[in-house]
Amino acid sequence: MNSFYRCLTALLLISLTFTSNAQDLVHKIPANALAVATIQGKNLMDLMSLTEFNNSFLGKELLAKHAKKSGKPFTTFMDLGFNLASPFYYYNQSNDSVTYNCFLAPVKDAAQVEKLYAQADQKISLKGNVRYYYNSDSTEVARWNGEMFLFVIARGKKEYFSKPEVMERFGLTNPYPIADTVAIDSAAAAVDSLAADTIAVDYSEPATVEIGPADSVVVDTAEAYSPDPFFKNEDQKKSIVASWTQRMMDDFFAGTNKTSILNNIDFVKNVDAKAEATIWVSGVDKLFDTYVPTSYLKGFSFLSGYGSGNVKLYLEDKSIRITSSMTFSDDIAAVFKRVHKRKLNKRFLKYVNEDRMIGYLGYAVDTKAYLEEYPRLMSKIYGSVYADEIGMAADLFSLLLDEEAIGKVFKGDALFVFNGLSQKEVSYKSYEYNEENFESKEVMKTKKETLPDFLMMFSSEDTRLMDKLIAYGVKKELVKRGSGYYELSIPKSPLALYFTIKDNIVFLGTNKMEMDDIASNRSVAKISAKQKKMLLNSNYAAYFSAKKLSGKIPSEELGGAEKLEKTNRVLNSLGDIYLNSNPAKGNVLSGQMSMDIPANQPNALKYLLSIIEDAKK
Amino acid sequence: MLLKYKYLLSVFILLCFSSCFQIIEEINLTSAGSGTVNLTLNLSASKTKVASVMLMDSVQGYKVPSKQTIQKELDEVVAYLKKSPGISNVQKKVDFENYIVSVSFAFKDITNIDHVNQNVLKKLKIKGLNNSSYTYNPKSQVFQRSYQHTKEAVAEYNKLKPEVKKVFKDATYVSIYRFEQPVVLCTNPLAKISKSKKAVMFNTGVLGLINGKTDISNRITIAK
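These protein sequence lines are chains L and F, in that order. Mapping the first sequence onto our numbering, position 312 (from 1) lands on 312, and the numbers just tick up by one. Mapping the second sequence onto our numbering, position 174 (from 1) lands on 1174, and the numbers just tick up by one.
In short, the hints are calculated from the structure, not lab data. If you're wondering where the values come from, they're calculated on a predicted model, not measured in any experiment. We put the beta carbon where it would ideally sit given N, CA and C, even for glycine. Worth double-checking, as some hints may not be accurate.
Derived list of chain F stretches under chain L, where covered just means 3 residues or more per stretch with a C-beta under 8 angstroms from a C-beta of chain L [said to hold, decoys possible]: (1) 1048-1056; (2) 1072-1081.
Cut-off 27 angstroms, straight-line C-alpha distance, at most; resulting in silico cross-link-like pairs (DSS-like, lysine-lysine) [said to hold, decoys possible]: (3) L:Lys566 x F:Lys1093; (4) L:Lys72 x L:Lys441; (5) L:Lys530 x L:Lys318; (6) L:Lys502 x L:Lys448; (7) L:Lys532 x L:Lys502; (8) L:Lys429 x F:Lys1067; (9) L:Lys566 x L:Lys548; (10) F:Lys1083 x L:Lys492; (11) L:Lys563 x F:Lys1197; (12) L:Lys468 x L:Lys492; (13) F:Lys1067 x L:Lys445; (14) F:Lys1169 x L:Lys441; (15) L:Lys441 x L:Lys468; (16) F:Lys1072 x F:Lys1083; (17) F:Lys1165 x L:Lys616; (18) L:Lys616 x F:Lys1166; (19) L:Lys445 x F:Lys1072; (20) L:Lys448 x F:Lys1169; (21) F:Lys1067 x L:Lys616; (22) F:Lys1169 x L:Lys552; (23) F:Lys1213 x F:Lys1063; (24) F:Lys1092 x L:Lys445; (25) L:Lys492 x F:Lys1067; (26) L:Lys547 x L:Lys448; (27) L:Lys441 x F:Lys1093; (28) L:Lys476 x F:Lys1067; (29) F:Lys1083 x L:Lys563; (30) L:Lys429 x F:Lys1083; (31) L:Lys616 x L:Lys532.
Taking CB as the label site, the calculated pair distances span [what the hints assert, rightly or not]: (32) L:Glu562 x F:Glu1076: 45 to 53 angstroms; (33) F:Asp1215 x L:Gln423: 35 to 43 angstroms; (34) L:Lys424 x F:Lys1159: 31 to 39 angstroms; (35) L:Leu58 x F:Lys1169: 29 to 37 angstroms; (36) L:Val443 x F:Asp1215: 41 to 49 angstroms; (37) F:Ser1196 x L:Ser489: 45 to 53 angstroms; (38) L:Val130 x F:Val1154: 39 to 47 angstroms; (39) L:Lys424 x F:Lys1169: 21 to 29 angstroms; (40) L:Val570 x F:Asp1095: 38 to 46 angstroms.
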């Protein structure tokens, strides 16, 4: 007996270990999923143990909320019954008639998962080893066994159910006829393997449809429908959608789906096991069409040429990083390549001083290429509907604009450097009342206004137009001439703007001394190799140091010392933020955003939780 | 009376995003019951913001009126006042340098102001806000301002966008009543009586009026 018990224990342990290691349900995701989001439970648990999370501020709050909702005590996330060390998935599966939002989770203890639905109005049914939960109209269904949990929210597509042949087949009526029907793109409608039409044939007589297990709440007889024609129709549609969902989930649990998302090369290539979370979209255009009915778009293809895309979140020891990338069609990629050929003017860096700088925003595009490509892009979006009009407008656009000349005046690169905030006194009129008889007297009072302190630069090869504008401004006394620079006076504004043109760069800034230094070659540059690389190697780059901003915001702006202290505390706890685009690789454009985490923080996840906790204080 | 300001405010309310303004109401009342009124809307403290907003066509979804529109609307108010019974000597003053607008007029009887109020409200189709009125009894020498807070004011305020709500945070409302004889009794504890005892001032935040926390009703008894 003793040895039998030991064997059993060993077997149990082996099976447990096996389950926790290999419980990746990715192979269950169908190949035609439009979008897949992944959360790597293991990676998160490597950064923070479950016990630590349970005891964290956020963990405690979530557990308390969950306990309150379910009416049962929860002390650890383990009690939810999921295998938290395995990946969790969300995916979207759509066709011309229905959209399924599916949540797929690895199960550790099916009975514990049941507790999630253990409220009075939420009934669970059991069939074999599979547990079922349905909402009142069966458009939200959860099913799970000892291995996996699938929750599906299904929504029927209005356009599909408005088609005359579909309405006829299902015996639907049209209580509110649509005046303006738009033809559905037949190619798009024919897309899916789960083609609704083929399934729908089986359900041509909704009154006789037998749906779901006997104890489910699916509406399955015509008598059960609402007497109001509108609601009757809606109920009927929901029951049709519910029957499809039922079929889809049956197949899912039976494992009849042979092709999984792992057959999609783009998905496999873009899922990084090191990322804590990933969102992958098979085709941005397809997903857009799924959520935005074609009748709204009137045949315009806003995202035509946009292919697959992904966003990944990395919580690392030293930083939080979000990367994103998007694949484009050959012609759109060619446009981006042309427009992105320009690089930021190197000479801008001579005027950047990191000691003062709080943030920057730099971009470099080729104005001439952009102006030339713009009409073509427009014709791609609107061309299918207004081909003639767009053609004429594009010709007129090119005729009126001299792309080359404009490209010389504004080459297309600019750098905006944010140096902080300053305060300036402004006067205003108010009234004072004498004590004798409250007679009013006009008085001038002063108050402080907070202004941004910045320097902006852009390249220009041809400054003749600007020279003329300056001469005109000086003549009209809107522009004051300084030594090598100009001052632009803005009526009633306390903000003074200074500008100058030098070395084919136009400078515009708020600091008189800085402009004077630029004009008289006294600028002192200080820029790190990291910032230099960011700016010169990217078409778009941005940087912001919250820490440098802390202590520079006047308390008047935040309405009190207490709020100021809190803001400064949060700003101080934030690391430097970087954002930049990467050079194009083939037809793929990508970029990333990252935030450094303070040295005293063990890793990004713990740091994020500490920020949330701090902000809530 | 507050509602007449609303008429003026309909133009100006949009101008002072994230800034403050001041409303000043002055009434000089003779023992016989006639008198003068001076209303002022002062946006000077936020003139830089108003100036920059005025450069735009619309801000946060609200249409920004031009100088011409503001002048025109004000002219309409003046024209209306001139036609109103018992109202005379209507004058307006617009200072676009500091964004201060004021309108003054003389009245034969205090009830004339109430009529003006009600008609302006009718014209603007504003319901439920006609909650302020003035009475003066020359025999008993009692001047009374009745004011009742309405929930509609809060409801209208709650409909505003948060950015616009901020405008009201620091906005102030000053009301001054001057009499020929000294004040004997003033029922509102928030009101201040001048040294000469011939004037009563009320200085409060606009937000308190909107949410009903401040009551501006008052009953002032003047010496015979």
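_Checking each numbered hint in turn, tell me which of them this model violates, lowest number first._
2, 3, 4, 6, 10, 11, 15, 19, 21, 23, 29, 30, 31, 36, 38
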